[in-house]
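Here is what each chain is made of, one letter per residue.
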Amino acid sequence: MANFTPVSAAIGGALIGLSAVLLMLLTGRIAGVSGIFGGLLNLRSQDKDWRIAFIAGLILVPLIAAALGYGMAPPKLPANWVVIVAAGLLVGVGTRLGGGCTSGHGICGIGRLSLRSIAATIVFMVTAVITVAVTRHMLGG
Amino acid sequence: MLIVAPFLCGLIFGAGLLVSGMVQPTKVLAFLDIFGVWDPSLAVVMAAALAVAIPGFMLTGRRGQPILARQNFLPTKTQLDAPLLLGAGLFGIGWGLVGLCPGPALESLATLSPGVFVFVVAMAAGMIAHGAWQAAQPIVRRDGPLATDG
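Heads up: the protein sequence lines correspond to chains A and B, in order. Note that my numbering has the first sequence beginning at 600, numbered continuously upward. Note that my numbering has the second sequence beginning at 951, numbered continuously upward.
Next up, chain B with everything else stripped away, as it sits in the complex (with noise of 0.2 Å):
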């Protein structure tokens, strides 16, 4: 069961930015080039994802334990940091040059175009990159997968 409920909420995921026109990158720069011809949809799936998240979380925060596993997995961090703010300064600048972010880029790999797997596979390699440049710190709070955010 554990593997169905991940793959059902991949599925809707997915639905979710195809019927929302998130996984084309024009559609992602049009709402991000504000100084041209603006196109606010990204804010309105914005506004729709939060007003179903939001209530839902409270749900689920009231309710404590998941159905499937036996906790939470929630990140403990709370305070702003650097590496916070200069990992969402550098994701920012990737983003607005191409209009890909990891979730459309993943989805779009169906499509077979050459050009999302350079993108992936550059993705993964700066993902790999930073996760060697972490091992490598002397003193790290060794958090793991559990201290990011999302």
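Next comes chain A alone, as it looks inside the complex (with noise of 0.2 Å):
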């Protein structure tokens, strides 16, 4: 656990989660990004302008703390391009069909209690865990 960062982790939890009750006590919507991002590649939808407004929030971020001196790495990303491709196909097809991913089930569905999203996070956590034992132990990547 040489790793372990509590105290910012806690901080940083707190303000995801004040974010998504703002956004239910304002505007009514949930905050879980697959969901706003999907709703933006759908053509057919009319709600376009709140999911663009939190979305460039969101992208703004790292550039506000950049002009104020805290610069953000560029995340570390496996080298094989195909393995980034097809862990971005899965994240956005599994999002999509199990509607939610880790902010929209992970927090506001079981900040709502909801049954639907406890049982999605788990398994979401479980073949996570699969995965990175896979790779990173038996695989030996």
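Just so you know, the hints here were simulated from the structure itself, not pulled from any lab data. Positions of the beta carbon are idealized from the N, C-alpha and C atoms, including for glycine. Do not rely on the hints blindly, as some may be mistaken.
Computed footprint of chain B on chain A; a stretch qualifies when at least three of its residues, placed anywhere within it, have a C-beta under 8 Å from a C-beta of chain B [stated by the list, open to error]:
no., stretch
1, 650-661
2, 689-696
3, 711-724
4, 730-736
Covered stretches of chain A (in silico footprint by chain B; criterion: 3 or more residues with CB under 8 Å from a CB of chain B, positions within the stretch not fixed) [as the list claims (entries may be wrong)]:
no., stretch
5, 631-638
6, 670-683
Incomplete in silico selection of chain B near chain A, CB under 10 Å [as the list claims (entries may be wrong)]:
no., residue
7, Phe963
8, Gly1011
9, Ile1017
10, Ile1043
11, Cys1051
12, Thr1061
13, Ala1086
Take the two lone chains and join them into the complex the hints point to.
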């Protein structure tokens, strides 16, 4: 547990929870990023403005942080492009089929004590742990 | 006002992901790697988020109507079904492969990392493919975006 950062994790988590509650309180919407982004890709949807505004806020944060002197390091990703594309496709299909991701199910759904979200969160945590175990400890990646 | 509110929520959400370190796939994968040098930080992020969200949603639920809109847009499904579990399973595999989920992936676009752009384009393609598949189903409940959980 050498890299455990409980204080920043608790502060960051509380901010995420606050954002989800505020979005519901003000606009009546669920702060599930896959749902917000997925709705933008649906040509029939009439409610794109708030989705663009939320995502714009999200993307602006690292730029504001950089301007304040806390630049965000680019994420470390696998060297293999096939893995990145496969992962992106799985995340895209999986979150739409399952109706949510870590934020929509893991925080908003469990926050609303939804049985579907509790089940979905258990399932994606288990398959993610298995995937990491296989790629890191069995395939030696 | 309806644009300012979600924009501010996006800023707070992004700040939470950045401060907690969850924008870094290495941090996420260190949580998922329970057989390696385990980092429980992600569990603390979720616990803290839920400590705010559970009482917060109890309040918004009791209030019934949001401040800036006519109604709450809440999921209508309550039963567990195959798409939910299969979708969650597939999402977990993708998440475990690189350590990116949709929120951190979109936020990381700001770093102009080519890998993140490829990931986001693939994610969008997966979502569009799912939408096309769903539209091609002969008998589906046309519940649209309201029926999704999040």
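Structure-based check of all given hints:
1. Here the stretch 650-661 of chain A counts 11 residues with a CB under 8 Å from a CB of chain B, which clears the bar of 3, and the coverage holds.
2. Taking a C-beta to C-beta cut-off of 8 Å, the stretch 689-696 of chain A contributes 8 residues in contact with chain B, enough for the three needed, and the coverage statement holds.
3. Counting residues of the stretch 711-724 of chain A whose beta carbon lies closer than 8 Å to any beta carbon of chain B gives 12, which reaches the threshold of three, so the coverage claim holds.
4. For the stretch 730-736 of chain A, the assignment as covered by chain B holds, since 6 residues bring a beta-carbon within under 8 Å of that chain's beta-carbons and 3 suffice.
5. As drawn, the stretch 631-638 of chain A meets chain B at 7 residues by the rule of a beta-carbon pair under 8 Å; at three or more, the given contact holds.
6. Counting residues of the stretch 670-683 of chain A whose CB lies closer than 8 Å to any CB of chain B gives 10, so the stated coverage by that chain holds, three being the minimum.
7. Because the beta carbon of Phe963 of chain B sits about 4 Å from the nearest beta carbon in chain A, less than 10 Å, this interface hint is met.
8. Interface restraint check: Gly1011 of chain B against chain A, minimum CB-CB distance 7 Å, threshold 10 Å, status holds.
9. A distance limit of 10 Å between C-beta atoms decides the matter here; for Ile1017 of chain B the minimum to chain A is near 5 Å, and the interface restraint holds.
10. Taken as an interface hint, Ile1043 of chain B checks out: its beta carbon lies about 5 Å from the nearest beta carbon of chain A, inside 10 Å.
11. The beta carbon of Cys1051 of chain B is positioned within 10 Å of a beta carbon in chain A (closest approach about 5 Å), and the interface hint is therefore held.
12. Nearest Cβ of chain A to the Cβ of Thr1061 of chain B: about 4 Å, under the 10 Å cut. The hint holds.
13. Interface hint at Ala1086 of chain B: violated, since its Cβ lies 14 Å from the closest Cβ of chain A, which is beyond the 10 Å cut-off.
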